[in-house]
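Asker: With the sequences and hints as input, model every part of the structure.
So the chains spell out like this:
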Amino acid sequence: MSFTQNNDRYHRQIILKEFGETSQQKLLNAKVLVIGAGGLGCPALLYLTAAGVGTIGIIDFDVVTITNLHRQILFSENDIGKQKAATAAIKLAQINPEIQIRVYNFQLTNKNAIELLANYDLVIDGTDNFATRYLINDACVILNKPLVYGSVLRFEGQVGVFNLMDNETQIKTNYRDLFPEPPNPLNALSCNEAGVIGVLPGIIGTMQATEAIKIITGVGKTLCNKIISYNALQNLFYDFEITPVLNPIEKFPQNEMEFLNFNYEWFCSLKANVSVISIIEFEELRIKEKITIIDVRERNELPLVNEFDFISIPLNDLPNLLASIPTDNKIIFFCKSGNRSLKAVKLFNEKYPQLLAYSLSGGINAWQQFNNKTSLK
Amino acid sequence: MVFGQLSEIINASELALLAINNTNELNKILFELYPILEEMKFTIAVNKKIIHENTPLNHKDIVALLPPFSGG
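Just so you know, the protein sequences line up as chains P and Y, in that order.
Take -3 as the starting number for the first sequence in our numbering and just add one per residue.
Take 250 as the starting number for the second sequence in our numbering and just add one per residue.
Quick caveat, the hints were computed from the structure, so don't treat them as lab data.
Model, not experiment: these values are computed from the prediction.
Some hints could be false.
Said to hold, decoys possible - Here are the computed lysine-lysine pairs in the DSBU-like style, where the Cα-Cα straight-line distance is at most 30 Å:
hint: 1; chain 1: P; residue 1: K342; chain 2: Y; residue 2: K290
hint: 2; chain 1: Y; residue 1: K290; chain 2: P; residue 2: K222
hint: 3; chain 1: P; residue 1: K217; chain 2: Y; residue 2: K277
hint: 4; chain 1: P; residue 1: K141; chain 2: Y; residue 2: K290
hint: 5; chain 1: P; residue 1: K168; chain 2: Y; residue 2: K297
hint: 6; chain 1: P; residue 1: K217; chain 2: Y; residue 2: K298
To be verified - Covered stretches of chain Y, going by a simulated chain P footprint (3 or more residues, C-beta under 8 Å):
hint: 7; stretch: 285 to 293
hint: 8; stretch: 297 to 308
hint: 9; stretch: 312 to 319
We put the beta carbon where it would ideally sit given N, CA and C, even for glycine.
Answerer: This is the structure:
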């Protein structure tokens, strides 16, 4: 792809003496994959599209809900219930019809990641859970792709660049050098539970787009081997230099085969030390036994589940409602991705240490994905 | 300096401690003062450089505790 010199669209950045036509051509030739079209993905996608990145991939399996709208600025109220990736692509094509946008309305897993990421020059991580973050990191390490990381919670954000060689020091670090082990999910908070101020992913996602543009064009200094922590309440930017872990305690996949066999959800729930049930075990149990299924998501959360009976008790209400749970059968807690249900099992077992309770691994997302796959066969 | 959820535990974003020889000693003191910290995962940086091993501390060194979070 090339742009014509009389194309005014990129005029204001082409006249920058550091940037020029060469950088514009590099952007147009580049392929960037944005994982997650959420709070971070939306602003990153908007600016990469407007800047003229030639090929942009968007992967997100989720649908728009009303609680997304305060920060996921590509979506409007009439998009509620629609696929995020496809909806984002329609809006982006209106901003810049000259670039190619590829849509992937499915969940990134270790089974499809290598094949998908291999088609791109650079990856932007805008996901919302640790399992996917470690998965993306490891795939980028195996494929040797630069990864622009961003993460937000409440009023704080982190942005950094992984897996990019610093030519001066010959050092290349990644997410596992920053956080070698995932936190105990019982102590980790998500935006669903702890909240996030809407502008914050706007700032961090835009910084991710900035880093992507600098890496592609070679203009300026990137956050290679660095992470910036930003606190919106204190107006504080603090940068850290990442150094390689020389003796990793956790063994992580070094090649494609090990990657395919690595269970990321299990890796990230291990520290919780509560009972987890896989989707297959859950499906078997549903047929074989009478079980009590409890949804600990908030009441407005999607997807809706019609396929089996369950009781709805949002995690925040659970401590007060523990006594109301029937305890004749095995209890299965589920949520969206399998984190809040771990906390639910912990709470439940504190009250009833002798009773069997499990957390559905990967949550309703993984359950739906499993059932879509088996119904296609 | 402490970041994210950790500042809630310590109830401040900064804390001055005197006469600490190294980062292991610092951890020990912090875990005594704030036992919940021991259950938390965080990365330690000394003067903005992330460390993975016990590291000597000098007077006026700035130590930062950075927790992982995953929101997007």
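Asker: Each hint: holds or not?
Answerer: Against the structure, the hints:
Of the supplied pair hints, the one linking K342 (chain P) and K290 (chain Y) holds, its CA atoms being roughly 19 Å apart against a limit of 30 Å. Taken as a hint, the K290 (chain Y) and K222 (chain P) pair is honoured in the structure, with Cα atoms around 19 Å apart against an allowance of 30 Å. Restraint check for K217 (chain P) and K277 (chain Y): not satisfied, since their Cα atoms lie roughly 38 Å apart, outside the 30 Å limit. Distance restraint check for K141 (chain P) and K290 (chain Y): the Cα-Cα separation of roughly 27 Å lies within the 30 Å cut-off, and the hinted pair is therefore satisfied.
Taking the CA atoms of K168 (chain P) and K297 (chain Y), the gap is about 17 Å. The hint holds against a cut of 30 Å. Between K217 (chain P) and K298 (chain Y), the direct Cα distance comes to roughly 18 Å. Compliance with the 30 Å bound is thereby established for this hinted pair. A count of 4 residues in the stretch 285 to 293 of chain Y with a Cβ less than 8 Å from any Cβ of chain P is obtained; the coverage claim is therefore met, three being the minimum. Coverage of the stretch 297 to 308 of chain Y by chain P holds [criterion: at least 3 residues with CB-CB distance below 8 Å; count 5].
Judged by the Cβ-Cβ criterion of 8 Å, the stretch 312 to 319 of chain Y is covered by chain P as claimed, because 6 of its residues qualify and three suffice.
The earlier numbered hint that this structure contradicts is number 3, and it is the only one.
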